[in-house]
Amino acid sequence: MPSQFRMIRTAAFVAVGAMSAFGLAACSSDAPSNGGDSSPVTISYLHRLPDGEGMTPVADIVKKWNDENPDIQVEATKFDGASGDMILKLETDINAGNGPCLAQLGYAEVPQMFVKGLVEDVADEAAEYADDFSAGAYGMMQVGDAVVGLPQDTGPLVYFFNATEFEKLGLAVPETIDQLASEAATSAASGKYLAAFTPDEAMYWLSAQSAAAGDTWFTTEGDEWSVDAEGPGSQKVAAFWQGLVDDKQVITTERWGEGFTQALNDGSLIGHVGAAWEAGFLLDSLDGTPAEGQWRVAQLPDFGAGQVSGPDGGSGVAVMKGCEHPAEAMEFNAWFNTQIDDLASQGLVVAANGTPQTSEKMLRQFGGQDVLAELATASANLNPDFTYAPGFASLTKMNETAAGVPDGTSTVADVFTTAQTTAVATLQDLGLPVAE
Amino acid sequence: MTLTTPATASAAVAVAAPGPTRRRRGRRRREAVTGWLFMLPFAILFVVVFLIPILVSIQSSLFAQQSAGDGLYGGGEIVDTFVGFDNFALAIGSQTFWAGMGRVVLYAAIQIPVMIIAALFLALLLDSLIVRRPGFFRLAFFLPFAIPGIIAAMIWLYLYTPEVSPFMQYLPEGTDLMAPGTILFSMANMTTWTYTGYNMLIFLAALQAVPRELYEAARIDGASGWQIATRIKVPLVRGAALLAVLLSIIGTIQLFNEPVIMESANPWMGKDYTPMMLTYNSLLGAVSPSGTGIASAYSVLMAVIAGVLAIVYALLQRRRGEAA
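The listed protein sequences correspond, in order, to chains A and B. Residue numbers for the first sequence follow this note's numbering, so the first one is 538 and each next one is one higher. Residue numbers for the second sequence follow this note's numbering, so the first one is 134 and each next one is one higher.
Since the hints were derived computationally from the structure, they do not count as laboratory data. Where a beta carbon is used, it is the ideal one built from N, C-alpha and C, also for glycine. Fair warning: there could be bad hints in the mix.
So, partial list: chain B residues that the calculated Cβ filter (under 7 Å) puts toward chain A [what the hints assert, rightly or not]:
hint, residue
1, Glu210
2, Ile211
3, Ser421
Using the sequences plus the hints, can you model the full thing?
As structure tokens, then:
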């Protein structure tokens with residue numbers, strides 16, 4: 538259950554937070570090396586991949602590397618907690634001089650880490666491997682002229698739908714948001730909903746839609762940041778959802794609350810605009826029910842910018858400040874992130890080129906569809922210009938505003954206004970130049 | 134209070150016992166060393182987990198994390214810059230901080246009296262010998278406190294969520310226990326459930342230190358059970374009540390577990406719903422301005438406010454005690 542997952546994560550996050558606050562968090566131990574010529578280089582790597590049941594554990598993938606590369610030994614450690622807490626741990630450890638060499642960072646976190654001076658510029662090493670990865674994803678690990686690591690996975694928005702129900706209602710897979718809106722009106726009349734508006738995901742979900750509509754929020758004008766979260770794309774997204782919410786033609790519920798799962802289980806929710814990585818677990822609660830195998834995944838409907846998707850999540854592996862062997866670390870980094878079948882088993886839409894094998898579970902849940910091929914197409918369609926600025930984490934404020942949309946105390950347009958004012962204020966607070 | 138307990142009386146006698154001056158001085162020194170040795174474990178922990186972190190916080194609140202260079206990414210490095218009281222100026226001028234403070238003060242004003250009265254009532258009940266098995270009830274009332282706060286908060290979150298709650302279906306249609314108007318009460322209910330038993334123990338310990346002879350004397354004078362409770366027991370546990378209320382005020386200002394868990398399901402609350410959440414999320418960068426400097430300033434400010442409230446309450450109580 539995703540909500541349970543989220544809550545356990547929250548619990549872990551608080552526990553870890555409390556522990557590090559009291560200085561009890563285990564220090565990452567650097568393996569003592571005897572300094573001899575033949576002694577292998579040790580690379581520590583901190584990740585937060587799920588390592589769930591039926592997945593190829595990170596430890597197994599790393600073991601393969603270690604067996605083949607006696608000179609570069611990698612120690613992988615899993616961080617059990619939310620990404621925000623992992624950043625805090627990294628910051629504390631790196632400043633104390635015992636940070637890991639490699640760590641997983643969300644794309645939106647990369648600029649912030651760079652501003653804080655917690656990552657290394659490995660542009661020279663990275664250039665060697667750039668061709669193995671999708672250009673858009675590679676760009677996410679770039680900060681100005683610096684490159685801090687390699688991309689791991691992407692989170693393009695896609696459209697999930699129940700094909701059987703669509704057929705019953707005589708609906709076609711929506712190719713544009715106008716089509717989606719008109720079909721939503723039709724199906725809502727018979728108690729079926731083609732999408733859910735999820736306030737608790739507003740930050741990444743709505744910014745990704747804005748990107749899909751062709752907007753870029755952060756650009757540079759000379760030496761200054763220019764923030765535009767309320768551009769024509771955002772306005773289009775706002776109008777689209779506002780209409781559906783006002784006419785009660787979509788379900789409004791928290792993505793990670795019980796309401797979403799219930800709507801999915803009772804069959805009232807038959808479509809969902811979601812991130813590609815949701816394919817890994819979205820349909821779990823339908824296993825063993827008549828709806829098993831009825832769902833499919835399609836490209837995101839056209840938001841007005843053509844066949845373009847936007848980034849809802851995704852992360853890469855960056856080289857941390859103070860890493861003594863960045864070249865070796867990048868060698869492993871490149872190898873690890875091109876193990877596409879193993880990484881796909883972790884539920885990732887890989888950033889490396891090539892299409893991994895769709896797992897048995899996905900084949901079963903999606904009626905035999907080659908899900909990963911579809912997701913790879915979405916990944917290739919990501920708006921390449923949409924990047925993040927430092928301090929993006931503070932845009933979680935969008936979720937607060939979005940929570941008022943269902944009962945009408947705020948509008949979807951207000952959510953983008955919140956994004957605009959928060960982003961500008963945060964950049965100013967960070968002391969970075971920003972154009973008003 | 135004018136009562137002198139037997140223990141302190143006998144200690145006074147022991148110290149006053151006559152003896153040769155030199156021997157007495159030697160023994161005193163030995164006693165002092167023994168005393169300090171007994172103090173040592175406490176003193177070390179007090180310094181390490183209390184004084185040092187406080188001093189570090191105060192020091193850190195005087196620094197801000199600023200970019201070392203210019204450009205879009207500030208030169209890619211952050212330096213700690215001494216800014217004097219700038220962080221405090223920011224914190225004191227922050228509307229979100231005071232909004233959060235307002236919430237926890239309102240929360241305290243409602244929750245603490247309810248909890249303290251309930252705890253006192255339960256303690257009097259257990260002390261009154263009406264209950265057959267006080268040991269069992271003592272443990273049962275205390276048990277919620279033994280459940281880790283986060284786990285308790287998660288259980289309550291489930292209980293409050295209409296789709297999975299076992300009792301929400303029996304409440305009137307449309308009841309929302311996690312709406313802006315009700316969530317403070319819902320969280321107050323969680324805290325009360327957790328801490329009533331704990332505070333009951335404080336009262337019970339105070340009650341059981343009261344010499345039983347007092348009750349006998351009162352009974353001989355014709356006092357009823359009710360009169361013994363209200364005229365003798367309640368006044369005698371005033372000191373314990375003071376302690377319980379002070380601890381509750383300090384705890385409530387730092388309200389964290391409950392709102393964090395509630396926020397995970399109710400994003401409208403925001404990352405700055407209580408001052409403690411604001412502090413933590415400033416540290417994480419989910420709230421701006423961010424960094425250890427401003428976060429430390431918030432926490433020092435919270436400590437000062439909690440201290441002031443506690444002192445004001447203690448002074449008011451003392452004046453009332455003197456007047457009585």
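Okay, the hints, checked on the actual structure:
Using the Cβ-Cβ criterion of 7 Å, the hint placing Glu210(B) at the interface with chain A is satisfied: the shortest such distance is roughly 4 Å. Because the closest C-beta pair between Ile211(B) and chain A is about 5 Å apart, less than 7 Å, the hint holds. Because the smallest distance between the Cβ of Ser421(B) and any Cβ of chain A comes to about 4 Å, under 7 Å, the interface hint for this residue holds.
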